[in-house]
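Protein chains in written order, with the working numbering: chain F, 337 to 835; chain G, 337 to 835.
Please note: incorrect hints may appear among the correct ones.
For chains that are exact copies, the list does not tell them apart, and a pair is met inside one copy or across any two.
Result set (BS3-like, lysine-lysine): computed pairs, CA atoms no more than 27 Å apart in a straight line [as the list claims (entries may be wrong)]: (1) Lys439 - Lys352; (2) Lys375 - Lys345; (3) Lys371 - Lys543; (4) Lys678 - Lys722; (5) Lys788 - Lys408; (6) Lys447 - Lys470; (7) Lys828 - Lys713; (8) Lys352 - Lys399; (9) Lys447 - Lys345; (10) Lys374 - Lys793; (11) Lys655 - Lys522; (12) Lys352 - Lys374; (13) Lys439 - Lys345; (14) Lys348 - Lys828; (15) Lys788 - Lys375; (16) Lys793 - Lys418; (17) Lys348 - Lys447; (18) Lys711 - Lys529; (19) Lys439 - Lys399; (20) Lys711 - Lys771; (21) Lys724 - Lys735; (22) Lys722 - Lys418; (23) Lys352 - Lys655; (24) Lys788 - Lys828; (25) Lys374 - Lys678; (26) Lys793 - Lys803; (27) Lys554 - Lys375.
Because the hints were derived from the structure by calculation, they are not lab data.
These are the residues of each chain, in order.
Number of protein chains: 2
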Amino acid sequence: MDNTYLIEKDFKELLKEQSAYKEVISLAHWDMRTKIPKKGVDQRSEVVGFMAEKVHQLETSEKMKYFIDVLKDQTEDDIIRKTVEECEENYERNRKIPHDEYKEYVMLQSKAEAIWQEAREKSDFSLFQPFLEKLVEYNKKFANYWGYEKNIYDALLHNYEPGVTTETLDQVFPSVRDSLTELLGKITNSSVKPNPDVLKGHFSKAKQEAFALEVLNKMGYDFNAGRLDETIHPFAIALNIHDVRVTTRYDEEDFRMAVFGTIHEGGHALYEQNINPSLANTPLATGTSMGIHESQSLFWENFVGRSEAFWYSHYNLFKDFAPASFQAVPHGQFYKAVNEVKPSFIRIEADELTYSLHIMVRYELEKALINGDIKVKDLPGLWNEKMKDYLGITPPSDKQGVLQDIHWSGGDFGYFPSYALGYMYAAQFNHTLNKEMNVDDLIASGEFHQIKEWFTKHVHQYGKMKKPLEILNDVTGESLNPAYLVNYLTKKYSGIYQF
Amino acid sequence: MDNTYLIEKDFKELLKEQSAYKEVISLAHWDMRTKIPKKGVDQRSEVVGFMAEKVHQLETSEKMKYFIDVLKDQTEDDIIRKTVEECEENYERNRKIPHDEYKEYVMLQSKAEAIWQEAREKSDFSLFQPFLEKLVEYNKKFANYWGYEKNIYDALLHNYEPGVTTETLDQVFPSVRDSLTELLGKITNSSVKPNPDVLKGHFSKAKQEAFALEVLNKMGYDFNAGRLDETIHPFAIALNIHDVRVTTRYDEEDFRMAVFGTIHEGGHALYEQNINPSLANTPLATGTSMGIHESQSLFWENFVGRSEAFWYSHYNLFKDFAPASFQAVPHGQFYKAVNEVKPSFIRIEADELTYSLHIMVRYELEKALINGDIKVKDLPGLWNEKMKDYLGITPPSDKQGVLQDIHWSGGDFGYFPSYALGYMYAAQFNHTLNKEMNVDDLIASGEFHQIKEWFTKHVHQYGKMKKPLEILNDVTGESLNPAYLVNYLTKKYSGIYQF
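Throw the hints in and build the complete structure from the sequences for me.
What follows is the structure, encoded as structure tokens:
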């Protein structure tokens, strides 16, 4: 046993080294998206590439293999055991890809992203098509290296939502999609309409920021372990548990971007700030999956931030910062206006209801691509068809259609479903939470800490100690059940649109 | 030759790796001093320590030794030859210190800095004394490992100002000191006094920043390769040639800190931004010495920023941002007020004349310490004596005396002289520059680019391709000559104080 102790100590040193590289990579990314001067970008990209290569080397090193082999059966420490499992999985998955192919793929990714940007700018899918074809081929090849049981797409899903399979998604997504399109129909046909014009008005960046800071503070975001900065594409990033930063974007003619965006990123940040410190410097010290992460951000953004209770308690605070025109807008009218449903082309600008439909379009297409059921060249047409079918609108250009998202240009297939899963998880958590406390009352009285503590107790603290579906089951007592999302949305929108 | 080419290629890869580590260290430092949330500091310190160890490992690696040995005589590339010389010197100096001692010393440094902070806070030298004694002992030991010709202190001076010896300083410093104390006497006895009260008034941070940005821009600082942030202890830092950042501190009751501080750091930054890009990713891509660096910052801060010509041309711009009270202050009165001479306890708050006297105090004491001529425990008394002798004032506490500077707590002996040398270099450069162009006219017409280009041509571009005294000689045609500084100060202050 003494020997095991010493090996564990060395293993922890290796993990610490890995964490050090990851911290500088995160810092470099944060800086590149918020502060870096233009001319510093090229050199920085090389530096990040170098540091990422170091992480990859450690993950696939003989030393790592040694620790995995020795500690797998010997350790009696829960955290180390879970860490070894995580490391073994990374090791196996990385080792299955020949190093030359990995390197070619990394180069392809960075080229493809640049080309995608150009293609989007010019709204010219044909520029991007050959790169996307290669990315799909690589992902199919990798999926075969990694292996899967029933569907090749499962191997990719696993990168973002381990435990969730294509089979599960195909059981759940179509019914959600149909329920949402049905709801959308009722909303479209309703004669009651919120009036979004009341939200107009020049709202200075400084005042939006001041309000955003107040809200983050009320949510329980710890500013001694984080900060808020401005960026083009908002994100939250954890350098470590004690340094989790959020960013937002300000549109002085539309405060919704910054306000709801900050609450969303704040939800991600609460997750990372409240991971148990005993997991620090291990690969377990982060959110367990993209979907569970998104459940946290979406819970705060929508279930809290767009709720009637929230604006009941925070509208006066909002008016302290907002343009004078809001003084004449009653609370109820404001609440309805920020919940307007309107099919639109761009996913990240979508409302709470149509958002998941955007995800269905992507899921169905990428699953078919990876399974070889459709061809890359047919994507633009298929995209537009599905948009017409589910949202009732046809994008006027590929820029507003198939070219809008960055994910595929980085080879990230299997990522999109986590957005919709996150929504379903959030609704399911919300249902359980409401059995334990009166959430609306807490929100209406601004008592967020009980909500935050509940999530910390049930979700945050575990980091990667539990798998996503394990958390879902432990917290809610059942497996993925999309009924909660459909019920929540039906209740909310039947109230607003009165059907 | 083909073989040499291949080895050079590999050598460049190693240097690139070193640059990558250095860039993340610089970024981490910049972030720690400007942006990091409080709770992130501990973890970050460890990360920086880890990365610094990586640089040290590379510098002292067998691989490095191999490149040095092979390329030293074989390379025909000037940059590689100089780089090899630089690497060899680092290699030799580092290898001369036993690794265990180096590690102990690094730990001592970090402990000593924390203790020094406490000691300064409490103004209690006895807390710091045992640590300072150890630091002195280590430095003596290291100096002996490194070797020297005449004076043990030379081995330390070499770290900051290679080529400058104790002998040179002892030829130059006493006469400067005597000239300055004589000048100070005349100033003190003059019945003509500037009125610093005219500088008072609340000057908002935002407006100070706006003015500072204007001035940096006019100096030719490239904001596409840099940025300005707020900090407690201002600094400039180069992540690489294309990303050189400056920081400043705002005192809303005294604009001088931010305005002159920004110009000072801007001078450092111009140096790093204008190094020849062919030196990128080598250890030559930085200023050649602390003294030459300081010559650039001091030139811009004082020879430009505190000149009559500068305020002739920029006072109206200043008044656009300054409190309304300045409208009633004539340009000449303002110029005199920002050049008030007044002996004070704190070095970094000293005026242009007494600043070098603060350096003399430190130089004489640290030289004596390293030579074993005085004991650490006698420092506070000796410090106060010298302050009385040279500046005519006695610090009321060690906090305002021997405990004020961070340098010794980090074991940085031999650093202080570079501040005074920087002043002398700046005055000597200024003399040469004035032979080639009418500097006052250029400043008065806001035509700074010619001045900047002159320094780029003669100083900046070379990075470490030339040693400090080599640059001084090449530019001015003579070796270090302190007369230029004394003449410059005499002329300036006899004008202001009319003696």
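Here's how the hints hold up against the structure:
1. For a Cα distance limit of 27 Å, the shortest separation of Lys439 from Lys352 qualifies both inside one copy, at 25 Å, and across copies, at 19 Å.
2. In the homo-oligomer, the alpha carbons of Lys375 and Lys345 lie at most 27 Å apart only across protomers (25 Å), although the nearest pairing inside one protomer, at 42 Å, exceeds that limit.
3. Taking the shortest Cα distances, Lys371 and Lys543 sit within 27 Å of each other both inside one copy (21 Å) and across copies (21 Å).
4. Taking the shortest alpha-carbon separations for Lys678 and Lys722, only the intra-copy value of 17 Å comes in at or below 27 Å, while the best inter-copy value is 78 Å.
5. Taking the shortest alpha-carbon separations for Lys788 and Lys408, neither the intra-copy value of 35 Å nor the inter-copy value of 63 Å comes in at or below 27 Å.
6. Proximity of Lys447 to Lys470 under the C-alpha cut-off of 27 Å is restricted to the intra-copy arrangement: shortest distance 11 Å within a copy versus 55 Å between copies.
7. For the homomeric pair Lys828 and Lys713, neither the shortest alpha-carbon distance inside one copy (40 Å) nor that between copies (75 Å) is at most 27 Å.
8. Taking the shortest Cα distances, Lys352 and Lys399 sit within 27 Å of each other both inside one copy (14 Å) and across copies (25 Å).
9. Taking the closest pair of Cα atoms, Lys447 and Lys345 come within 27 Å of each other only across two copies (25 Å); inside a single copy the shortest separation is 41 Å, beyond that limit.
10. Taking the shortest Cα distances, Lys374 and Lys793 sit within 27 Å of each other only across copies (25 Å), while inside one copy they are farther apart (42 Å).
11. With identical chains, the CA atoms of Lys655 and Lys522 are never at most 27 Å apart, being 32 Å at best within one copy and 63 Å at best between copies.
12. For the homomeric pair Lys352 and Lys374, the shortest alpha-carbon distance between copies (21 Å) is at most 27 Å, but the shortest distance inside one copy (32 Å) is not.
13. Taking the shortest Cα distances, Lys439 and Lys345 sit within 27 Å of each other only across copies (20 Å), while inside one copy they are farther apart (32 Å).
14. Within a single copy, Lys348 and Lys828 get their C-alpha atoms no closer than 48 Å, and across copies no closer than 62 Å, so neither meets the 27 Å cut-off.
15. In this assembly of identical chains, the alpha carbons of Lys788 and Lys375 lie at most 27 Å apart only when taken from different copies (20 Å versus 41 Å within one copy).
16. Taking CA atoms no more than 27 Å apart as the test, Lys793 paired with Lys418 passes inside one copy only; the shortest distance there is 19 Å, against 59 Å between copies.
17. In this assembly of identical chains, Lys348 and Lys447 lie within 27 Å of each other by CA distance solely across copies; the values are 24 Å between and 36 Å within a copy.
18. Taking the shortest Cα distances, Lys711 and Lys529 never come within 27 Å of each other, neither inside one copy (41 Å) nor across copies (84 Å).
19. Taking the closest pair of Cα atoms, Lys439 and Lys399 come within 27 Å of each other both inside a single copy (22 Å) and across two copies (25 Å).
20. In the homo-oligomer, the alpha carbons of Lys711 and Lys771 never lie at most 27 Å apart, since the shortest distance is 47 Å inside one protomer and 73 Å across protomers.
21. Only within a single protomer do Lys724 and Lys735 lie at most 27 Å apart by alpha-carbon distance; the minimum there is 16 Å, versus 74 Å between protomers.
22. With identical chains, the CA atoms of Lys722 and Lys418 are never at most 27 Å apart, being 41 Å at best within one copy and 63 Å at best between copies.
23. In this homomeric assembly, Lys352 and Lys655 never come within 27 Å of each other (Cα to Cα): the closest approach is 47 Å inside a single copy and 53 Å across copies.
24. Taking the shortest alpha-carbon separations for Lys788 and Lys828, only the intra-copy value of 22 Å comes in at or below 27 Å, while the best inter-copy value is 64 Å.
25. For a Cα distance limit of 27 Å, the shortest separation of Lys374 from Lys678 qualifies neither inside one copy, at 37 Å, nor across copies, at 43 Å.
26. For a Cα distance limit of 27 Å, the shortest separation of Lys793 from Lys803 inside one copy, 15 Å, qualifies, whereas the shortest one across copies, 61 Å, does not.
27. With identical chains, the CA atoms of Lys554 and Lys375 are at most 27 Å apart between copies only, with a shortest distance of 19 Å across copies and 38 Å within one.
Violation of the numbered hints given earlier is confined to hints 5, 7, 11, 14, 18, 20, 22, 23, 25; the remaining hints are satisfied by the structure.
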